[in-house]
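J.: Here is how the chains run, residue by residue.
2 protein chains.
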Amino acid sequence: MLVAAAIFCLKRKGLRVLVTGGAGFVGSHLVDRLVARGDSVIVVDNLFTGRKENVMHHFGNPNFEMIRHDVVEPILLEVDQIYHLACPASPVHYKYNPVKTIKTNVVGTLNMLGLAKRIGARFLLTSTSEVYGDPLQHPQVETYWGNVNPIGVRSCYDEGKRTAETLTMDYHRGANLEVRIARIFNTYGPRMCIDDGRVVSNFVAQALRKEPLTVYGDGKQTRSFQYVSDLVEGLMRLMEGDHIGPFNLGNPGEFTMLELAKVVQDTIDPNARIEFRENTQDDPHKRKPDITKAKEQLGWEPKIALRDGLPLMVTDFRKRIFGDQDSATTATEGQ
Amino acid sequence: MLVAAAIFCLKRKGLRVLVTGGAGFVGSHLVDRLVARGDSVIVVDNLFTGRKENVMHHFGNPNFEMIRHDVVEPILLEVDQIYHLACPASPVHYKYNPVKTIKTNVVGTLNMLGLAKRIGARFLLTSTSEVYGDPLQHPQVETYWGNVNPIGVRSCYDEGKRTAETLTMDYHRGANLEVRIARIFNTYGPRMCIDDGRVVSNFVAQALRKEPLTVYGDGKQTRSFQYVSDLVEGLMRLMEGDHIGPFNLGNPGEFTMLELAKVVQDTIDPNARIEFRENTQDDPHKRKPDITKAKEQLGWEPKIALRDGLPLMVTDFRKRIFGDQDSATTATEGQ
Chain A
133 MLVAAAIFCL KRKGLRVLVT GGAGFVGSHL VDRLVARGDS VIVVDNLFTG RKENVMHHFG
193 NPNFEMIRHD VVEPILLEVD QIYHLACPAS PVHYKYNPVK TIKTNVVGTL NMLGLAKRIG
253 ARFLLTSTSE VYGDPLQHPQ VETYWGNVNP IGVRSCYDEG KRTAETLTMD YHRGANLEVR
313 IARIFNTYGP RMCIDDGRVV SNFVAQALRK EPLTVYGDGK QTRSFQYVSD LVEGLMRLME
373 GDHIGPFNLG NPGEFTMLEL AKVVQDTIDP NARIEFRENT QDDPHKRKPD ITKAKEQLGW
433 EPKIALRDGL PLMVTDFRKR IFGDQDSATT ATEGQ
Chain B
133 MLVAAAIFCL KRKGLRVLVT GGAGFVGSHL VDRLVARGDS VIVVDNLFTG RKENVMHHFG
193 NPNFEMIRHD VVEPILLEVD QIYHLACPAS PVHYKYNPVK TIKTNVVGTL NMLGLAKRIG
253 ARFLLTSTSE VYGDPLQHPQ VETYWGNVNP IGVRSCYDEG KRTAETLTMD YHRGANLEVR
313 IARIFNTYGP RMCIDDGRVV SNFVAQALRK EPLTVYGDGK QTRSFQYVSD LVEGLMRLME
373 GDHIGPFNLG NPGEFTMLEL AKVVQDTIDP NARIEFRENT QDDPHKRKPD ITKAKEQLGW
433 EPKIALRDGL PLMVTDFRKR IFGDQDSATT ATEGQ
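Residue numbers (this note's numbering), protein chains in the order written: chain A, 133 to 467; chain B, 133 to 467.
Keep in mind that the hints are not guaranteed to be accurate.
Identical copies carry no separate label here, and so any pair may be met within one copy or between two of them.
Unchecked claim - Cut-off 27 Å, straight-line C-alpha distance, at most; resulting in silico cross-link-like pairs (DSS-like, lysine-lysine):
hint: 1; residue 1: Lys227; residue 2: Lys249
hint: 2; residue 1: Lys227; residue 2: Lys352
hint: 3; residue 1: Lys232; residue 2: Lys249
hint: 4; residue 1: Lys435; residue 2: Lys425
hint: 5; residue 1: Lys184; residue 2: Lys425
hint: 6; residue 1: Lys184; residue 2: Lys418
hint: 7; residue 1: Lys232; residue 2: Lys184
hint: 8; residue 1: Lys418; residue 2: Lys394
hint: 9; residue 1: Lys418; residue 2: Lys435
hint: 10; residue 1: Lys435; residue 2: Lys394
hint: 11; residue 1: Lys227; residue 2: Lys435
hint: 12; residue 1: Lys342; residue 2: Lys451
hint: 13; residue 1: Lys249; residue 2: Lys451
hint: 14; residue 1: Lys342; residue 2: Lys249
It should be emphasised that the hints constitute simulated quantities derived from the structure, not laboratory data. The model shown is predicted, which means the values in this text are computed figures rather than measured ones.
Sequences and hints are given; from them, build the entire structure.
T.: Right, here's the structure in full:
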């Protein structure tokens, strides 16, 4: 009887969920949704690119906790689900210390998989469209093996994530762990790092600061841009669903860099100038998800068009760049 | 004066060389050459696939030392050069514990790169033709990025080695470490593991045991086979030379599995039967090195033809399988 009572005590109403990298751009939006639905959420973040400001609005909530911890070191927690997002995701950040990036992707993922195995939690890896490299197939389906340079300056991220996927599947095959793999395509929205060198944040920050928009190469390389709430919805459906993946999560709407510059001009400043610069090494020429699999198996597809999502991000960037009085940290528009 | 004398004491005639995986098939032949030229050689090996028997003939030599150690754990040593070979290399062995294979390739390489940086040693990574996966270019040049499945059952080795290459280049770019990268193609010779599932050792052992030679698929997939002394010569030229690589080290002579079976029949037993079996997943269809770069920059090319090298391996296998009195451990024919 005492044992039964004790076990009964362990039962909780909502799920206990760990979000590594939960103070980051995508992570913090995911945390908002999980907290809103009544889960107990633990964020583990070393705050290398994450920001306390992104989750501070949950600090008074007993169902929320933030631990300053680097996933390269093991940690013991008791949860039901692990969303593993921890890793710098923009070239500026992941190239800063390439060896650390690989450690985060490989040793960090190993630690979180080990934790998931120990406590019987379901594990979701946020991988990336970068596993396709500079793709020779267009659009990219999940069965495409990719075209990645193993010894280039981006490889710390690309190869690191590919190895993280391998580890995830090896734990699934070898230890029967419940795993999920998402391959995330370009995402934008409020709380994005302002100076991370990514094209959307670059253009928006430049237009707001009255600087010219810098386009690399001829501006004809394409990207697809997904609003962050669409991605968060996809991640949660993937975690709750029955399929392992990998699943492409991205918006198949394809824009050239020049088209994107035009949308930013239309949204912020019609007089913004465009400046061309030499392209960086290894920059993929095109990237566009085939999301047939996610549509069929997760019933998911993005809902927010670029011209609708961009203004929501601009509002947040304006507040953070110009220090408006209204706090930007609770920006949840469009979700 | 005392300091000068102390430093003078530290000077040695030959080089101090660390060979990780030095008790393995390739490693032990490399050790033989290094010891023969007067180097002080330290072997680090966990003996997972390596065998003490392969290096026991050096045990009385003061210039030789073997340490039973797993490179997944750090180790501190003082040497001038590090040949980093430690990793199970046959599918049977590297699939045995895929997570451990990734740890060996990533954490093991990290540890050895960290050691090299600390002591200012030159570091050579033995990578693999597996980084090309199931190649869409034939033959493979070093600039080809490969066609590797990130989530398959071979990925622990393929992706692990790709990430090891990335780490090696990141240490070179970031810490100015002197590095060398070799991409090794199929190699055979005395001291190869007898039951490692590789096609040459399989066929030779089967023919000797009067079992049918098992050919997977239609037998038309091709491989190139390099005799171990040719590889060792290439590794040493690469280490001593001025070029980083990656360099393909392999024999461009291309054989189908059926042609190889024929050579084995001619060498061992003309009456050996051939048996066809279903192919394994992810098995590459063809693999053949373009060695132009190694020829031009290292002045290296293989010298031993398959019909000349195979009998040397057969002699060794015969001794080990049938337990002949003559020791097989000093087999250095053909070097």
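J.: State for each hint whether it applies.
T.: Status of the hints after comparison with the structure:
{"no.": "1", "hint": "Lys227 to Lys249", "verdict": "between (31 Å within a copy, 20 Å between copies)"}
{"no.": "2", "hint": "Lys227 to Lys352", "verdict": "within (24 Å within a copy, 43 Å between copies)"}
{"no.": "3", "hint": "Lys232 to Lys249", "verdict": "both (24 Å within a copy, 16 Å between copies)"}
{"no.": "4", "hint": "Lys435 to Lys425", "verdict": "within (17 Å within a copy, 51 Å between copies)"}
{"no.": "5", "hint": "Lys184 to Lys425", "verdict": "neither (35 Å within a copy, 51 Å between copies)"}
{"no.": "6", "hint": "Lys184 to Lys418", "verdict": "neither (34 Å within a copy, 52 Å between copies)"}
{"no.": "7", "hint": "Lys232 to Lys184", "verdict": "within (22 Å within a copy, 36 Å between copies)"}
{"no.": "8", "hint": "Lys418 to Lys394", "verdict": "within (18 Å within a copy, 47 Å between copies)"}
{"no.": "9", "hint": "Lys418 to Lys435", "verdict": "within (22 Å within a copy, 44 Å between copies)"}
{"no.": "10", "hint": "Lys435 to Lys394", "verdict": "within (21 Å within a copy, 61 Å between copies)"}
{"no.": "11", "hint": "Lys227 to Lys435", "verdict": "neither (32 Å within a copy, 42 Å between copies)"}
{"no.": "12", "hint": "Lys342 to Lys451", "verdict": "within (15 Å within a copy, 79 Å between copies)"}
{"no.": "13", "hint": "Lys249 to Lys451", "verdict": "neither (42 Å within a copy, 45 Å between copies)"}
{"no.": "14", "hint": "Lys342 to Lys249", "verdict": "neither (51 Å within a copy, 45 Å between copies)"}
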